[in-house]
Each structure stands twice: as structure tokens, then as C-alpha cells.
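Since the structure of chain W is already known, use the hints to place chain B on it.
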Amino acid sequence: MNTELTGVIVMFLLSVLLAIPLGKYIAKVFAGEKTLLDFMHPLERFIYRLCGIDPNRKMNWKEFLAAMLTINLVWFVYAFFMLIFQDKLPLNPDGNAGQTPDLAFNTAISFLVNCNLQHYSGESGLTYLTQLLVVTFLQFVSAATGIAALVALFNGLKEKTTNNLGNFWSIFVKATTRVLLPLSFVMGVILAFNGTPASFDGKDTITTLQGDTVNVSRGPAAGMIAIKQLGTNGGGWFGVNSAHPLENPNYFTNIIETIAILLIPMALIFALGYYIKRKKLAYVIFGAMTLLFIIFCSINIYFETKGNPALDKMGIAQDIGSMEGKEIRLGSAATAFWSIATTSTSNGSVNGMHDSLTPVSGGVAMLDMMINALYGGVGVGLLNYFIFIIIAVFISGLMVGRTPEFMGHKVEAREVKIAALITLLSTFLIKAGTAFAAYMLVHHPDVGWAVKPGAWLNNPGYHGFSEMLYEFTSANANNGSGFEGLGDNNVFWNVTTGIVLILGRYLPIIGPLAIVGLLANKKYIPQSSGTLRTDSMTFGVMTLAVIIIITALSYFPPLALGPLAEYFSMK
Amino acid sequence: MKRYILPSLKLTVVFIIVTAVIYPVLIAAVGKLTPGQGRGETITVNGKVIGYANVGQKFAEDKYFWGRPSAVDYNAAGSAGSNKGPSNPDYLKIVQDRIDSFLVHNPGVKKEQIPAELVTASGSGLDPDLSPAAAKVQVKRIAATRHIDEAKILALVEQQTVKPLLGFMGPEKVNVLKLNVALDEMK
Numbered sequence: 001m002n003t004e005l006t007g008v009i010v011m012f013l014l015s016v017l018l019a020i021p022l023g024k025y026i027a028k029v030f031a032g033e034k035t036l037l038d039f040m041h042p043l044e045r046f047i048y049r050l051c052g053i054d055p056n057r058k059m060n061w062k063e064f065l066a067a068m069l070t071i072n073l074v075w076f077v078y079a080f081f082m083l084i085f086q087d088k089l090p091l092n093p094d095g096n097a098g099q100t101p102d103l104a105f106n107t108a109i110s111f112l113v114n115c116n117l118q119h120y121s122g123e124s125g126l127t128y129l130t131q132l133l134v135v136t137f138l139q140f141v142s143a144a145t146g147i148a149a150l151v152a153l154f155n156g157l158k159e160k161t162t163n164n165l166g167n168f169w170s171i172f173v174k175a176t177t178r179v180l181l182p183l184s185f186v187m188g189v190i191l192a193f194n195g196t197p198a199s200f201d202g203k204d205t206i207t208t209l210q211g212d213t214v215n216v217s218r219g220p221a222a223g224m225i226a227i228k229q230l231g232t233n234g235g236g237w238f239g240v241n242s243a244h245p246l247e248n249p250n251y252f253t254n255i256i257e258t259i260a261i262l263l264i265p266m267a268l269i270f271a272l273g274y275y276i277k278r279k280k281l282a283y284v285i286f287g288a289m290t291l292l293f294i295i296f297c298s299i300n301i302y303f304e305t306k307g308n309p310a311l312d313k314m315g316i317a318q319d320i321g322s323m324e325g326k327e328i329r330l331g332s333a334a335t336a337f338w339s340i341a342t343t344s345t346s347n348g349s350v351n352g353m354h355d356s357l358t359p360v361s362g363g364v365a366m367l368d369m370m371i372n373a374l375y376g377g378v379g380v381g382l383l384n385y386f387i388f389i390i391i392a393v394f395i396s397g398l399m400v401g402r403t404p405e406f407m408g409h410k411v412e413a414r415e416v417k418i419a420a421l422i423t424l425l426s427t428f429l430i431k432a433g434t435a436f437a438a439y440m441l442v443h444h445p446d447v448g449w450a451v452k453p454g455a456w457l458n459n460p461g462y463h464g465f466s467e468m469l470y471e472f473t474s475a476n477a478n479n480g481s482g483f484e485g486l487g488d489n490n491v492f493w494n495v496t497t498g499i500v501l502i503l504g505r506y507l508p509i510i511g512p513l514a515i516v517g518l519l520a521n522k523k524y525i526p527q528s529s530g531t532l533r534t535d536s537m538t539f540g541v542m543t544l545a546v547i548i549i550i551t552a553l554s555y556f557p558p559l560a561l562g563p564l565a566e567y568f569s570m571k
Numbered sequence: 001m002k003r004y005i006l007p008s009l010k011l012t013v014v015f016i017i018v019t020a021v022i023y024p025v026l027i028a029a030v031g032k033l034t035p036g037q038g039r040g041e042t043i044t045v046n047g048k049v050i051g052y053a054n055v056g057q058k059f060a061e062d063k064y065f066w067g068r069p070s071a072v073d074y075n076a077a078g079s080a081g082s083n084k085g086p087s088n089p090d091y092l093k094i095v096q097d098r099i100d101s102f103l104v105h106n107p108g109v110k111k112e113q114i115p116a117e118l119v120t121a122s123g124s125g126l127d128p129d130l131s132p133a134a135a136k137v138q139v140k141r142i143a144a145t146r147h148i149d150e151a152k153i154l155a156l157v158e159q160q161t162v163k164p165l166l167g168f169m170g171p172e173k174v175n176v177l178k179l180n181v182a183l184d185e186m187k
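Keeping their order, the protein sequence lines are chains W and B. Mapping the first sequence onto this note's numbering, position 459 (from 1) lands on 459, and the numbers just tick up by one. Mapping the second sequence onto this note's numbering, position 121 (from 1) lands on 121, and the numbers just tick up by one.
Among these hints, one or two may not hold up.
[Claimed, not checked] BS3-like, lysine-lysine: derived pairs with alpha carbons at most 30 Å apart:
hint	chain 1	residue 1	chain 2	residue 2
1	B	Lys110	B	Lys48
2	W	Lys58	W	Lys203
3	B	Lys136	W	Lys28
4	W	Lys306	B	Lys136
5	W	Lys203	B	Lys58
6	W	Lys306	B	Lys163
7	B	Lys58	W	Lys306
8	W	Lys571	B	Lys111
9	W	Lys62	B	Lys10
10	W	Lys431	W	Lys417
11	B	Lys10	W	Lys313
12	W	Lys203	B	Lys10
13	W	Lys306	B	Lys140
[To be verified] Residues from chain W that keep clear of chain B, each with C-beta distances beyond 10 Å, as calculated:
hint	residue
14	Val10
15	Leu22
16	Asn56
17	Asp102
18	Asn164
19	Val173
20	Leu292
21	Arg329
22	Gly408
23	Lys410
24	Ala432
25	Ala450
26	Asn459
27	Glu484
28	Gly530
29	Ile550
Note that these hints are calculated values from the structure, not bench results. Don't be surprised by glycine CBs; every beta carbon is placed ideally from N, CA and C.
Extracted from the complex, chain W is given alone in its bound form (with noise of 0.2 Å):
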């Protein structure tokens, strides 16, 4: 077998093997067991003294989720005027410039949302300071802020009947001193070791061996790209993200940085059937997820280590498979495989360039994102294929015609209805903005943006459609990737997807939430003999079965009109 195949399998199988002792850890982190880490507990009483919160108050789901959205405000009002003004603000070492307000608009929402769509370019667009205040302080809050919203959703299944989800403030402070900062401080060291910059110094000029003059871009970068990775956010230092030399020294870094997609939103599923007690259910859903997810890795890798026909074509070597847009110490498979892991967790970092994959690949890597639950982002992967479950609980009740019961509680109208509403809301988002901007394009190519219609485009026919439903899906997704080819730097995308991004975050996390909330505070049924067993291997292939009929369902059409068009054309 080619060491590159084997490379991709133990990243895998790391992954998988990680991530089992962190679920379990995580799981006594919120459960309030002893762990090794508890020496933060000073740290994290002192924050709750000084910010006046009382860690112990119970917070029913409305209160709950008025706290999350309270504080998510608050950082959206900061983030957008520091990247205004940030080129009058210090730490500006290559002297960047301020970002234009729609800009501004859509990075803060951006990377508060845990998408990190970038309509900029990371050395140029950002200083410093906002990488750090801004960029990497953001990737840390939304990434525990995930982490709140799926522990409450824990609280709530776990109790026969209660009205308490916790108390957001707690977990959240504890989801970052306990899992997110020491996570990424490790990888942060083991990535400066490996060549990635970690100092304040600024561009450095060198002349090359053949006597070109060259300014090199650096910065504090090794601490961000490890949160950038283990928080599922995927904004980058450099513009190119971790297929950048510096941000992805070598193969090693590459194993590094893979493992730290797949991490923490695998282990949040090994946590829930610690945490509720119930490890078959974990078990099932871990199953579900990793058939699909193995399916769609094998297809990338297919494709990408079988090089592009046209180029076959052209009658030269592809031994090495498809290299437009890769990296050599990376290699074909790796890139391949990392397009699932960002596209399945909405991650939304990528290791090559994504506008450049091979039709079926990128159409994979688009309806990965449109499931936008096989792991999913940390906390909200979770959240999202609970709607699924619901949904299979609601249609399997429907075929044996009984009451369908979730968890010893009986899903009612109003669940299924806010679980067909979010689930319709995805669809709604990516098909109504990709036709909203291809009729810009064709109708209206001359209007005065930053970049007009007609030149939005970086590749012409199919691809250039596919080129603006993966930006929806990734804004929908809140995943952050994208064929970059796109000239989305105006007014037009960084509103339009501004825009979904917000529905697209936080109606995923309230729809959920009111659906545990409203179950919680039902009368428990104990189970009997009739009760559909949702622990089960069968309800696992149901899930899986109602997840796939919704997306074809709803993304064939697209799709056809995108990536596989551009595939059957090229045959």
C-alpha cells in the first residue's frame, strides 16, 4: 500500500483513538467529577468573583439562551469597530489598513459565528492585534460558546424531567480553561517547534539565492492555527491557510493539524453517552456518522490521487494524482482527506485550494457541508444531527403508528415542527441566495461593487456556478471554506452571506435547545416493550436513511447544475 494511503489511515485511526479518553474527560469536566486540570479551579473562581456571576444558578433554556446571545452581542459591537479602526490601533508592524464597514460586517460575524468565511487575505487584510484580539479571542469564545449549547442540550436529556439546562456562564468558562486553552497550547508548542512562527517581528525581507528581493510574511501565527483547527473555526493566518509553508511546515504538522479537526467534535459525541449515561446511543451515532464520513473520504481520494483527465489528456505524468492547487510534502490523499474532515466538522480550513479539486470532489465536499452534521462543529454538529434524530423518531413513530417517544418523552407537534423548520431553513438559504446571485450575474453584471457580477467569476460555465453554491453552503454551514476564486470582497457577499451566517448559527442552536427544553419539561414514560429503541443499530441506518433522503432530496438539483455537470462534461 503507498505511504500515502497510510498516512491518511493513521490520522484516522489517531483521531478515533484521541478522541475516545477526551469524551470521557470532557464528560467529568461538566459533570463536575475530579480531573486533572482541576488546578484551574482557582482561575475560574476568581473570573466568576470578578465578573459577578454565580456558577451554581440554574438556567432554564430561555434564560439559557438569552445569556449566549447577550454575550455573542457584545462581541459582535467589539469585533466590528476594532477591524474598522485597526489600522489606527497598534501592533500594525506591515502597516495593513482599516477594513471597509461590510467587510468589517462580515468577518466579525464570521468569525463570531465559528465560520471564518474570509473575504480578505490574512497578511494583508488583518494587523496583529486583530489577529489576536479579534481572530484568535473570537475562535476561542464561539468554539466553547458551541460547547455550551451542546452540555445543555446534555442537561437536558440526561434528567427524567427537569427545567434546568445548567448555567451557561460555568460552562462556558469552563469549556475554554479546561479543554480549549490547554488543547491548543500543546499543539501551539508542537507547531513553533515544527517551524511555525511565534514571534511579534514583522515582515522580514531577504534576497533569494537567485537575487530577488522578497518580503516574508510571518507573525505570532503557531498559537492561532492551533485554535484555528481544534475549535472547528478554520480561519487562517496566512491567506492560503494551512496549505501555506509556515502555517503547515511538513507532514507531521499535517497529521497534527488533521487530528486537531476531527478531535474535539468526535470526542463530544464519546462525552454524550458518558455524560447521559448511555454509550450504546453514542456508539450508534459515532457509527452512523463514520460510515458516511469513510464513503465520502474514499470518493475524495479516488478522485484526487487519480489526477484531472484533462490533463491526462494532455499526455504528461500523473503519478502523484491532481496537483493544481496542492502541496508536495502534503500529497494528493492528505488534501483529499482533510477536504472531508474541514467540510464534515465546518471546520472550513483547508490544506490546497478547494476551487481546484476535481468536479466529483468538490461536489462531495459541498454536500458534506450541506449535511453539515458527520461530527459537525464542536458542540453544533451534535445539535445538528439531533434534528435529524428527531425527524427519524417523528417518521419511524409515523410507520408503526405510535407516538414516537424520544429518550422516555413524547415528541409532539412542536418539535417536529421547529426540527422541519431549521432543516427547511438550510435548504431555503443556499438554494435562494445561489439564484439571488446568479441572477446579479447574468442580469446585472455591471452594477458599481468593489467587484461587479461579471467579474465575480474566477472559471467560467459549471464550475463558476459551483464557485457560488459552495459559498453559500459553507456561509449556511458556518463552515468558513471556499473556492476562493470567487471575487467576493463587495458589498453584495459580505452582506448576502453575512447574513446567512447569522441564521445559520444561532437558528441551529435555539431550534435544538427549545426541543430539549420542551422535552425536558415533559412527564417521563418509562419504556416498555413498544418503545422504539433509538440506542439501536436499526435507528442508526434510520437516521442515516432520513439524513440522505432530505439532502438528495432537497441539493440534487444544485448539485446536477454545478459539480456533476462539470464532471460528465469533462468525460
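Chain B only, in chain W's frame:
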């Protein structure tokens, strides 16, 4: 909502200090202990820094090994890929031109020997490496330009080839800058 505002503001300030000041400064401090003092590993020739080991640079002369095509002409302050789609006709024409130009500069090489990575742009525009095949296909040209035995240069490429991680993970690669520095040192 009002009762959440004050804790939100305070918590925000505390978290900015913890995650965006203390955390990066800690990493920068540890970074000082690394081989490049946290500034990236550089390569020095005759006491002069001629580049970063990990950042590819442009080589256009026939006497040097060429790196991969770059969408940004190896501008290390503005990395980017070409973002060309696989079926884009303009893009395919660019690749065809690169093939033609390579054949002109490398007489004796046949088209089917050209590895695709040598005529396709890298993801970062700063790819520091070549595949062994992409280096070897240039040996004939360099041997002729420098009047050195082909076998010697081929041996140098072999010597500079980095094996997969631990022997079984990832691709083989050759660092172009290190290879060219070694080439200059050859007599």
C-alpha cells in the same frame, strides 16, 4: 436580557486578556526556544540569509532546479493558489504553454515524462518542494548547463530526497532551495 449585559461585558474583557494576550505571549515565549527562535527556519550561505527553508522561492535560470509554478510568482507576503477549476479552458491553455516551454528548455525530455506537478500551480504559491520525479526530469538540463556529469547530479537529488515520515506516512519530497544550494557547492 439586561441582567446578562454586565457579566457579558466583564467576561469579554477577562477572556480577551486570557485568550488573546496571555495565551499568544506564552506561545511566543516558548517559541523563543525553538531552532528559529519562533521566526521560522532560515538558510544561510556564506554568512548571508538567502531564504526560509519552508518558503519556496523563484528559480528561472536553466542552471537551477525550478520549483513548481506559482499563482503569485512566489510573493511570500501574499500567498495564493490559482483557484483554477479543472475544466477551465483558459487554465488548460496555460498548462499546455508550460508544457511547451518546458520541452524547449529541456531538450531530450519527452512529454510523457513531465510530471504534472511541474506544470500545475501549488496551493500556496510558495511550495518549497518538488517530487523526486519532478527534480529528476530536470537533471539532463542542469548537467548540460553546468557541464557536470548527469550521474553526479542524479546522486545529489537522491541524497536530498526526504523519505516519507517514519518511512510509511506521506509522500517523498525534495526541498528546491536546499537542493540548489547543494548544487552551487558542487564542483
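Satisfaction of hint between Lys10(B) and Lys203(W), Cα-Cα up to 30 Å | The given pair, whose Cα atoms are some 35 Å apart, is violated under the 30 Å limit.
Mind checking the alpha carbons of Lys58(B) and Lys306(W) for me, to see if they're no more than 30 Å apart?
-> Judged against 30 Å, a Cα distance of about 28 Å means the pair holds.
Per the stated criterion, does the least C-beta distance between Ala450(W) and chain B lie above 10 Å, as a non-interface residue requires?
-> Label holds. Min Cβ-Cβ 18 Å, cutoff 10 Å.
Are the Cα positions of Lys306(W) and Lys140(B) separated by 30 Å at most?
-> At roughly 28 Å apart (the allowed maximum being 30 Å), Lys140(B) and Lys306(W) satisfy the hint.
With a cut-off of 30 Å on the C-alpha distance, tell me whether Lys58(W) and Lys203(W) pass.
-> Violated. Lys58(W) to Lys203(W) sits at ~50 Å, over the 30 Å cutoff.
Distal placement of Glu484(W) relative to chain B, Cβ over 10 Å = 5 Å, violated
10 Å Cβ clearance of Val173(W) from chain B = 8 Å, violated
Is the straight-line distance between the alpha-carbon of Lys136(B) and that of Lys28(W) 30 Å or less?
-> 55 Å, violated
Closest CB-CB distance from Asn459(W) to chain B, is it above 10 Å?
-> 4 Å, violated
Please work out if Lys203(W) and Lys58(B) have their alpha carbons no farther apart than 30 Å.
-> 18 Å, holds
Status of the stated non-contact between Arg329(W) and chain B (beta carbon gap over 10 Å) = 5 Å, violated
Leu22(W) clear of chain B by more than 10 Å, beta carbon to beta carbon?
-> 20 Å, holds
The structure fails hints 1, 2, 3, 11, 12, 14, 19, 21, 26 and 27 (numbered hints given earlier, in ascending order).
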